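What follows is each chain in one-letter form.
Protein chains: 2
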Amino acid sequence: MRQPAAPGQRLEEVDTPALILDLDAFEANLRTLADAVRGTGVRVRTHAKTHKCPEVGKRQMALGAVGACCQKVSEAEAMVAGGITDVLVTNEIVGAPKLERLARLAGRARIGVCVDDAANARALDAAAGRAGATLDVYVELEVGMGRCGVAPGEPALALARAVAACPHLRFAGLQAYNGRAQHVRTLAERRALIERAAEQVRATRRLLEENGIACPTVTGAGSGTFMLEVQSGAWNEIQPGSYAFMDADYARNEQAAPLPRFAHALFVLATVMSRGGGARAVVDAGLKASSVDSGMPAVWQRPGLAYVLASDEHGFIEIAPGAAAPALGEKLLLVPGHCDPTINLYDWYVCVRRGVVESLWPITARGALT
Amino acid sequence: MRQPAAPGQRLEEVDTPALILDLDAFEANLRTLADAVRGTGVRVRTHAKTHKCPEVGKRQMALGAVGACCQKVSEAEAMVAGGITDVLVTNEIVGAPKLERLARLAGRARIGVCVDDAANARALDAAAGRAGATLDVYVELEVGMGRCGVAPGEPALALARAVAACPHLRFAGLQAYNGRAQHVRTLAERRALIERAAEQVRATRRLLEENGIACPTVTGAGSGTFMLEVQSGAWNEIQPGSYAFMDADYARNEQAAPLPRFAHALFVLATVMSRGGGARAVVDAGLKASSVDSGMPAVWQRPGLAYVLASDEHGFIEIAPGAAAPALGEKLLLVPGHCDPTINLYDWYVCVRRGVVESLWPITARGALT
Chain A
1 MRQPAAPGQR
11 LEEVDTPALI
21 LDLDAFEANL
31 RTLADAVRGT
41 GVRVRTHAKT
51 HKCPEVGKRQ
61 MALGAVGACC
71 QKVSEAEAMV
81 AGGITDVLVT
91 NEIVGAPKLE
101 RLARLAGRAR
111 IGVCVDDAAN
121 ARALDAAAGR
131 AGATLDVYVE
141 LEVGMGRCGV
151 APGEPALALA
161 RAVAACPHLR
171 FAGLQAYNGR
181 AQHVRTLAER
191 RALIERAAEQ
201 VRATRRLLEE
211 NGIACPTVTG
221 AGSGTFMLEV
231 QSGAWNEIQP
241 GSYAFMDADY
251 ARNEQAAPLP
261 RFAHALFVLA
271 TVMSRGGGAR
281 AVVDAGLKAS
291 SVDSGMPAVW
301 QRPGLAYVLA
311 SDEHGFIEIA
321 PGAAAPALGE
331 KLLLVPGHCD
341 PTINLYDWYV
351 CVRRGVVESL
361 WPITARGALT
Chain B
1 MRQPAAPGQR
11 LEEVDTPALI
21 LDLDAFEANL
31 RTLADAVRGT
41 GVRVRTHAKT
51 HKCPEVGKRQ
61 MALGAVGACC
71 QKVSEAEAMV
81 AGGITDVLVT
91 NEIVGAPKLE
101 RLARLAGRAR
111 IGVCVDDAAN
121 ARALDAAAGR
131 AGATLDVYVE
141 LEVGMGRCGV
151 APGEPALALA
161 RAVAACPHLR
171 FAGLQAYNGR
181 AQHVRTLAER
191 RALIERAAEQ
201 VRATRRLLEE
211 NGIACPTVTG
221 AGSGTFMLEV
231 QSGAWNEIQP
241 GSYAFMDADY
251 ARNEQAAPLP
261 RFAHALFVLA
271 TVMSRGGGAR
281 AVVDAGLKAS
291 SVDSGMPAVW
301 QRPGLAYVLA
311 SDEHGFIEIA
321 PGAAAPALGE
331 KLLLVPGHCD
341 PTINLYDWYV
351 CVRRGVVESL
361 WPITARGALT
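In order, the protein sequences belong to chains A and B. Be aware that the first sequence starts at 1, since it is given in my numbering, and climbs by one per residue. Be aware that the second sequence starts at 1, since it is given in my numbering, and climbs by one per residue.
Pulled out of the complex, with its shape left as it was, chain A reads as follows:
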């Protein structure tokens, strides 16, 4: 796999499109999270669905993260292969081939997984038994996202009992994640959604304990809300991912205490490849270079330039009256609309410090779908 740049190159020499990681901003984001959570007693388990790269995960662990979260077995395999030995799959895993792979992985690393179905829990138990392994299993609560998970209360108790009855599973606690709350713009609305989820978590945890089932971990939260979960006291583990990079969509959230402020650390470097009429330029980064599912990328530190439309391999830049127009061949930095699916389009991070390429990190879980 050809590396897209070389250490020592200047940023403006890097061929485009390229995925650029500003190391100073990235490292500052990692410290900001560690500082925010320090002393609260809440563990950090950062999400690898965002970064897809053991080099990132290991740096997060060096600042206190206990391990990684993944959404897919193949992501977990890539993280374990990269040296991360404590992985929670924050998702339901269904289908015999995946269960076998997950159980085998549990022979090499501490592996957790979520369930929302008793038959699925029994299938996990059988796979773990065949592999001679034990899996940590979390009952996922549906707390407002309308996606996976069982209802809080009695349904969760019944499923926890089913897990506890499986000889090769260890009931590890609850997963409670409201993904939709992450992108609600006002902090007050996010707080209300997380407080509602917290009440459901507390009630379910109480019910489990009244029934003799200890609940060592409650895990969840994302970059848009994690301090709300921390302050609620209902979670003792958080799963932020995007905070390390930030994107144009997260930047549209109201940023206010108790959430700390993170910096844009991830960019797509693009070249102006066509200069049509005065008010239009075209860059060589379209929707195969910056995912548009959460909106267009933003042009970084170039007032009056707006990325208004993406086709597959082209981006349309509108130049406001009076703005400095970019020349043909000039390079622009774009802030992706959504970092997770954008990173998944690249094989390498080009890691830059003060304008010079310092290293290249392979995105080994890129395309890890199964």
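Derived from the structure by calculation, the hints contain no laboratory data. Bear in mind that the values here come from a model prediction, so they are computed numbers and not experimental data. Possibly wrong hints are sitting among the right ones.
One copy or two, either will do: identical chains are not told apart, so a pair holds if it fits within one copy or between any two.
[As the list claims (entries may be wrong)] Mimicking SDA-like on lysine to any residue, the simulated pairs with C-alpha atoms at most 25 Å apart in a straight line are:
(1) K58 / R31
(2) K331 / L309
(3) K58 / L207
(4) K331 / R191
Given the coordinates of chain A, assemble chain B onto it according to the supplied hints.
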């Protein structure tokens, strides 16, 4: 790179998400295009930006295509490496490293490229000279897309003269492509847009010839309009790509003569991974498995099931009252909203015939961005 399936496996045994190519439908689409164009004197040069796979390109050439189109130098490199020796880059290529690579490639294959700027043409000429190669160069006309290209008429003549003056460039003709017209829903509106472009092409070609510049090729057109370009007489080469696969967005176009009907040949196989309340199911294919830039995927041949929302790794399926609800673990075929960026998420086509995996084709230009 682990293969996601094995020849001889039944479709329902393939792990998910997987990119499925129905070979019978795919081969029928290739024949349908060849039949539609036969006898018109118009050449077919199919677009590799869609398929990213020399195995596909070679099958298109076996049915008469003269070569491949690409959007990126790295795509062209992958096609040449895969045995396709006549490639047109239907795009402007800007920046020294790319020009050097393109010129080197022209030592191994016939390579064409588009220009819309005279300085860029001179830089191409210098790179070709250093490589001891000759490039076919097409002047791109802006014919309604508002993207790249020069205006028809005098600006195109001036640029064609600049190209013709370059010793290492061969002026090969005009590129005229209106990408926006491809997805205009009614055939009458598409016809009006292509007729307007045809007039601009004819006028420019006449002007070139009046000025002693022969224009051997006029190339353009896509899957949504190509028979309109063929019938206009203004183009003698067409560049369809999506026709081989079709997607949910192209299926929303009015399909009527003179355009032939193509079949859905490309699918994402997904597994039901959670069964919440009665009217909801969740599949394991989200927006990292099926690009949502042109809308949600469609559920294939399951009346009453609709894919209504995608998150990164999950798809939300709504079950209409009375519809047969899918069971946990059941597999569904999805028709991607947009085939090009969806294919770009995968490393392999799992090629299936009548429910059995026949072969796996590597998507060697996946992620070819530069």
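Handout entry: Same-copy or cross-copy closeness of K331 to L309 [CA-CA at most 25 Å]
Key = Only inside one copy: K331 and L309 sit 18 Å apart there, 35 Å across copies, limit 25 Å.
Exercise for the section: Evaluate K331 and R191 at a C-alpha cut-off of 25 Å and name the case that applies: within, between, both or neither. Expected result: neither (40 Å within a copy, 38 Å between copies)
Exercise for the section: Have a look at K58 and L207 and pick one of within, between, both or neither, based on CA distance no larger than 25 Å. Expected result: Neither: 37 Å inside a copy, 63 Å across copies.
Handout entry: K58 and R31: within-copy, between-copy, both or neither at 25 Å Cα
Key = Answer is within: at 14 Å inside a copy they meet the 25 Å cutoff, but 52 Å across does not.
Figure legend: structure checked against the earlier numbered hints; hints not met, in rising order: 3 and 4.
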